[in-house]
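Asker: Residue numbers (our numbering), protein chains in the order written: chain A, 26 to 240; chain B, 26 to 240.
Honestly, the hints are just simulated from the structure, not real lab data. Remember, predicted model here, so these are calculated numbers, not experimental data. Ideal Cβ positions, reconstructed from N, Cα and C, are used throughout, including at glycine. Do not rely on the hints blindly, as some may be mistaken.
Here are the computed distance ranges between Cβ atoms for each label pair [said to hold, decoys possible]: (1) Q214/A <-> A218/B: 47 to 53 angstroms; (2) R157/B <-> A154/A: 46 to 52 angstroms; (3) Q151/A <-> N84/B: 44 to 50 angstroms; (4) D83/A <-> G146/B: 19 to 25 angstroms; (5) Q151/A <-> P135/B: 18 to 24 angstroms.
Footprint (simulated), chain A over chain B, 3 or more residues, beta carbon under 8 angstroms [unchecked claim]: (6) 90-97; (7) 129-138; (8) 158-169.
Number of protein chains: 2
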Amino acid sequence: MIVYTWWRSLAAFRVRIVQNLKGVSAEERQVDLREGKQHDPTFRAINPQGAIPALILDNGRTLVQSMAIMEYFEEAFPTPPLLPVDAVDRARVRALAQMTVADGHPLVTPRVRAYLEGELGHGEAQYMAWSRHFMGAALEAIEWHLARDAQTGMFCHGDQPTLADVCLVSQVVGFSYFGGTADAFPVVQRINAACMQIDAFQRAHPLAQPDAPKA
Amino acid sequence: MIVYTWWRSLAAFRVRIVQNLKGVSAEERQVDLREGKQHDPTFRAINPQGAIPALILDNGRTLVQSMAIMEYFEEAFPTPPLLPVDAVDRARVRALAQMTVADGHPLVTPRVRAYLEGELGHGEAQYMAWSRHFMGAALEAIEWHLARDAQTGMFCHGDQPTLADVCLVSQVVGFSYFGGTADAFPVVQRINAACMQIDAFQRAHPLAQPDAPKA
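Model the full structure from these sequences, guided by the hints.
Answerer: Shown next, in the form of structure tokens:
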């Protein structure tokens, strides 16, 4: 397998955590989003949308979209499970995951920044405030659910990590990119800390990647 | 089951299509997003995020997030299947679905409009242009994949509707809300037309809902 990835991408971070938890290795190829490498014709031939992660399987088929790739790993490499058994519980975990994947993260992608700064003429400070607002709103939604649901345990759902934790950690790191901290979200903060005790999460962290800046 | 819904919501539209395809009925309660009813304390007690759809199961548990609810219906009511059997094929269908759920739709929610018009001071015309841009970009991504993948058939994946088609139809309708048409996306247009021949899709259409405007 080949995975197109980048140290700073939150979607690539999520996929790395799942790979580490399940022990799935793939050859990594870096696509530097800040340099706009996702628009290179060679990468566009792999994912015409110009987004990472993209996963090329040994049979040549290409998978895109972090949530779809994580669900693929869950089905193809079921141990350890990252979704509960019960359908209602699975829906809860997927809903928590989607609050990151479909609510927070989509508002802070390079294409959104390009539109805010290009077409709408906003500067760095306004983009940072925008990003803090929407990343914080997604974390707040996650906190509400975690704080009220009886299923919340040491992790988002019971006492083992699930896809909800994978996404939560990426959301906390993403919030920090824009100057936010999880201090206002005590359950999120507690679970994030529990996840970051786990080697699979630590090794996947953006700053632990070989192409990350050293400082 | 009780579903909190609204005629114009694209996420509620997706869930209605799945319910219709699978013959799952639920009592409908309307939450008018244009009137801001999602912020009412009574609804916030159900979904603190103030978003629809929300599904209350007969056992009292609440599900949120359209993708999580659709996956729940797929698991709890497996006939007819809306995901293929093979894990790679399932990932393809989920990826196509996520291009609507995680790429297009999140950019045109009421909270995004509120920020663009409130904090950033943009007007109706700029919001419409923003929305057309991002809804069109998501449709373009879907078109690219559909046009190049051998798995594309009468529908997005083979010759039976899947969750990818459910999401595609909501994306086309959402694009039309902002003055866009699928003319530039021939495979999307063909598949959308095929879906709209199906009663379950027709009955779920926003304009077919009892609370929709008559004109």
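Asker: Each hint: holds or not?
Answerer: Results for each hint:
1. Distance hint for Q214/A and A218/B: a CB-CB separation of about 49 angstroms, consistent with the stated range 47 to 53 angstroms.
2. For R157/B paired with A154/A, a C-beta distance near 25 angstroms fails the hint of 46 to 52 angstroms.
3. As the Cβ distance of Q151/A to N84/B is approximately 45 angstroms, the hint placing it in 44 to 50 angstroms holds.
4. In this structure the supplied range 19 to 25 angstroms is violated for D83/A paired with G146/B, their Cβ-Cβ distance being about 52 angstroms.
5. Hint check: Q151/A to P135/B, Cβ distance near 20 angstroms, so the stated range 18 to 24 angstroms holds.
6. Here the stretch 90-97 of chain B counts 6 residues with a CB under 8 angstroms from a CB of chain A, which clears the bar of 3, and the coverage holds.
7. With 5 residues carrying a beta carbon less than 8 angstroms from a beta carbon of chain A, the stretch 129-138 of chain B meets the three-residue requirement, and the given coverage holds.
8. Only residues whose beta carbon comes within less than 8 angstroms of a beta carbon in chain A count, and the stretch 158-169 of chain B has 5; three or more means the coverage holds.
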